Every structure is written in structure tokens, then in C-alpha cells.
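Taking the hints into account, I'd like the entire structure generated from these sequences.
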Amino acid sequence: MDVLEYLLVLLLVISIALNLLLLKKVRELNRELREVGARVSVTKEELTAIRSRLERMKGEL
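Sequential numbering of the sequence shown, starting at 1, is according to the working numbering.
Keep in mind the hints are simulated off the structure, nothing from the lab.
Nothing here was measured: the structure is a model prediction, and the numbers come from that model.
Beta carbons: idealized from backbone N, C-alpha and C, even for Gly.
Zero decoy hints are in this set.
Derived CB-CB ranges, DEER-like:
1. Gly59 - Glu32: 37 to 43 Å
2. Leu54 - Leu20: 49 to 55 Å
3. Val26 - Met57: 45 to 51 Å
Now the structure itself:
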């Protein structure tokens, strides 16, 4: 029974370590996703400005 307990504890430690690594990776990916989202919203604002300029140019022609 001693070996079985040792293996269970070892598996528990490995599982906790892998979960911590996964948590770190998830946080990194969430940060990257927020950064990409911020860039996309700026792009949408720029697109709106370009469209309004095009409409003004069409009106001038």
C-alpha cells in the first residue's frame, strides 16, 4: 500500500503542476486576445473615418 500511496501523491503533484502551467498559458492568451481586440476596435474606428471621408469626396464630385 505504501507504493500505491506514493504513486497517488506523485500523480497529484504532477496534476497540480500541469494545472498551474495551463493557468499561466490561459492568462497569457487572454492578455493577447485583449490586445488584439483593442487593435481591431481602432481599425473599426479608422474604417468609419475613411468611409465618411469617401462620402464627403463623393459629395464634392
